Amino acid sequence: MSNENIIEVENLVKKFGDFTANDNLTFTVKKSEIFGFLGANGAGKTTAIKILCGILFPTSGKVSVAGFDIYKERNKIKENIGYMSQGFSLYEDLTVKENIEFYAGIYGVKRKVIKTRLNELVEKLDIADLKNKFVRDLPLGWKQKIAFSVAIFHKPKVVFLDEPTSGVDPITRRQFWDLIYEAVESGITVFVTTHYMDEAEYCDRISIMVDGKIDAIGTPAELKTMHNAKNMDDVFIKLARKQSEENK
Amino acid sequence: MNNSIEIYNLNKSFKSVKALDNLKLTVEQGGFYGLIGPDGAGKTTLMRIITGLLLPDSGDIMIGGLNPVTDYRKLRLKLGYMPGKFSLYQDLTVEENLSFFAKVFDTTIKENYHLIAPVYSQIEPFKNRRAGKLSGGMKQKLALSCALVHKPEILILDEPTTGVDAVSRREFWEMLNQIRQKGITILVSTPYMEEAVLCDKISLMFDGKIIDSGTPTEITSKFKEKIYILKTTRLREILKIARQMRELKSVNAFGQNLHLVVRDNLVGIHEIESFIKKACDYEFEIEPSQADIEDCFIDYLVS
Numbered sequence: 001m002s003n004e005n006i007i008e009v010e011n012l013v014k015k016f017g018d019f020t021a022n023d024n025l026t027f028t029v030k031k032s033e034i035f036g037f038l039g040a041n042g043a044g045k046t047t048a049i050k051i052l053c054g055i056l057f058p059t060s061g062k063v064s065v066a067g068f069d070i071y072k073e074r075n076k077i078k079e080n081i082g083y084m085s086q087g088f089s090l091y092e093d094l095t096v097k098e099n100i101e102f103y104a105g106i107y108g109v110k111r112k113v114i115k116t117r118l119n120e121l122v123e124k125l126d127i128a129d130l131k132n133k134f135v136r137d138l139p140l141g142w143k144q145k146i147a148f149s150v151a152i153f154h155k156p157k158v159v160f161l162d163e164p165t166s167g168v169d170p171i172t173r174r175q176f177w178d179l180i181y182e183a184v185e186s187g188i189t190v191f192v193t194t195h196y197m198d199e200a201e202y203c204d205r206i207s208i209m210v211d212g213k214i215d216a217i218g219t220p221a222e223l224k225t226m227h228n229a230k231n232m233d234d235v236f237i238k239l240a241r242k243q244s245e246e247n248k
Numbered sequence: 249m250n251n252s253i254e255i256y257n258l259n260k261s262f263k264s265v266k267a268l269d270n271l272k273l274t275v276e277q278g279g280f281y282g283l284i285g286p287d288g289a290g291k292t293t294l295m296r297i298i299t300g301l302l303l304p305d306s307g308d309i310m311i312g313g314l315n316p317v318t319d320y321r322k323l324r325l326k327l328g329y330m331p332g333k334f335s336l337y338q339d340l341t342v343e344e345n346l347s348f349f350a351k352v353f354d355t356t357i358k359e360n361y362h363l364i365a366p367v368y369s370q371i372e373p374f375k376n377r378r379a380g381k382l383s384g385g386m387k388q389k390l391a392l393s394c395a396l397v398h399k400p401e402i403l404i405l406d407e408p409t410t411g412v413d414a415v416s417r418r419e420f421w422e423m424l425n426q427i428r429q430k431g432i433t434i435l436v437s438t439p440y441m442e443e444a445v446l447c448d449k450i451s452l453m454f455d456g457k458i459i460d461s462g463t464p465t466e467i468t469s470k471f472k473e474k475i476y477i478l479k480t481t482r483l484r485e486i487l488k489i490a491r492q493m494r495e496l497k498s499v500n501a502f503g504q505n506l507h508l509v510v511r512d513n514l515v516g517i518h519e520i521e522s523f524i525k526k527a528c529d530y531e532f533e534i535e536p537s538q539a540d541i542e543d544c545f546i547d548y549l550v551s
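Those protein sequence lines, which keep their order, are chains X and F. Using my numbering, you'd call the opening residue of the first sequence number 1 and step up by one each time. Using my numbering, you'd call the opening residue of the second sequence number 249 and step up by one each time.
Worth flagging that the hints you see were computed from the coordinates, not collected in a lab. Honestly, I wouldn't trust all of these hints.
Derived lysine-lysine pairs resembling DSSO-like cross-links, with alpha carbons at most 27 angstroms apart [as the list claims (entries may be wrong)]: (1) F/K479 / X/K50; (2) F/K375 / X/K15; (3) F/K474 / X/K155; (4) F/K488 / X/K213; (5) X/K238 / F/K266; (6) X/K230 / F/K381; (7) F/K266 / X/K131; (8) X/K124 / F/K488; (9) F/K266 / X/K224; (10) F/K381 / X/K15; (11) X/K230 / F/K488; (12) X/K15 / F/K266; (13) X/K30 / F/K488; (14) F/K387 / X/K157.
From a predicted model like this one, the values you see are computed outputs, not experimental measurements.
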């Protein structure tokens, strides 16, 4: 992890009518960091991710991603990020190879480079036999691992992972985190959401959103000490419960 | 005691894919039964066959004493089903959805209010809001209310907590417990291993098969190998080191700790400690532990 900020958010506000989805968010994410973006359903995580990916304008506030300004350089941002979620990842009716060529092509990776990197990937994941299979015929675990590799194929500065391990088996879930560690070692910054609280422990730093605001931010160890909690599950429950009590 | 669900030798294939492979499942009347497994294990297919929405290739199936293939009409009166995907009418209000489901089953909200109260009372303040405008948690409560409003004998819930945050997940299980107290048999599926212990009995499912069935304690007490918990602040580093020790069958991160499973009782704490200490100076602590459901599931996958 370095000291260079790859994401800078200052006083970000996003309103939909009179509803405030993001209420004055301020945070930074450092280069090569695994940043866990946690929060209850409806807390405003998806809205914030959409803004960071350059597909939604903020109502106000300063946001820069990979050194580019969210208002003026959205296309530059898109070129420099990767994205993957459980819902949107690969095209089912294309083969693994076709998916990779398609995505890499969109990101402007040269044909020659695609070929070399594809071979490297096939070797690394040991998927020579899967390369020419339709994605719809792959087991979910493989789909998610390949989708991640596709999301970082163009070597983005940041990759956004929205609940990437939802519903996958316990072994694949851990292999997926091995891939995350590897990506981080190669210099990519990982911005990840999850509902598995054990995975929250694997992040370098975490923010917890409650009701449109960032209620807590820090390393897992810091948050546990601060909230006198035995694990991240405990921290999360304390913060989010407190909120729902207040609402009642 | 009568069984609410009895299934023997159930098979179902989709073209060349064997979705369910010779399944056996028994759920006692009033039981609280969990199907635990990742996506693609066959949980949804099984539930669709139980509810009569899908035909089995072969097998003996009795649900509430009825055959879902031939007696599906009668069976529907006995079953409440909450599918994995939100399937209510988005452009009807909360109350309209609920009264629609009540009417279809020839009953009223009032008649069974006592049954849905623990769930419905939480969304009743929003009864005039359209279902499409509800938050995820509220949609889920409405779907559960709709599945309950006709007073079913058996409630089938397909992954009600997937994609739901840790707090709402807890609250949902608390609601299920209240429903259970009313004598309704519950069959629920989940990919979250830690939710297994909230059920009386469970089946672990993977790849169309049931790996093991029983009470959570029965399943975890079958775990033969020695298992240790390793606590450290250098999780990633020690994980790599410990994985090089051949006497360990598996080394996995479980949140802030590592779980170490010893192969055939080959080594004890001291051997593991000295192996890791030889490779690094990081601080750590190892203590003996008991396997949990996730350990059992992982052990099946790596064996």
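Verification of the supplied hints:
1. F/K479 / X/K50: Outside the cut-off at roughly 37 angstroms; violated.
2. F/K375 / X/K15: holds, 25 angstroms
3. F/K474 / X/K155: violated, 42 angstroms
4. F/K488 / X/K213: Outside the cut-off at roughly 37 angstroms; violated.
5. X/K238 / F/K266: violated, 44 angstroms
6. X/K230 / F/K381: Not satisfied, since the Cα-Cα distance of roughly 37 angstroms exceeds 27 angstroms.
7. F/K266 / X/K131: Measuring from Cα to Cα gives roughly 23 angstroms; hence the hint holds.
8. X/K124 / F/K488: holds, 18 angstroms
9. F/K266 / X/K224: Violated, because 45 angstroms separates the two Cα atoms, which is more than 27 angstroms.
10. F/K381 / X/K15: Holds. F/K381 to X/K15 sits at ~16 angstroms (cutoff 27 angstroms).
11. X/K230 / F/K488: Cα-Cα ~25 angstroms, so holds.
12. X/K15 / F/K266: violated, 48 angstroms
13. X/K30 / F/K488: Satisfied, since the Cα-Cα distance of roughly 24 angstroms is no more than 27 angstroms.
14. F/K387 / X/K157: Between F/K387 and X/K157 the Cα gap is close to 37 angstroms, so the pair fails against 27 angstroms, i.e. violated.
Violated hints for the displayed structure, listed by number in ascending order: 1, 3, 4, 5, 6, 9, 12, 14.
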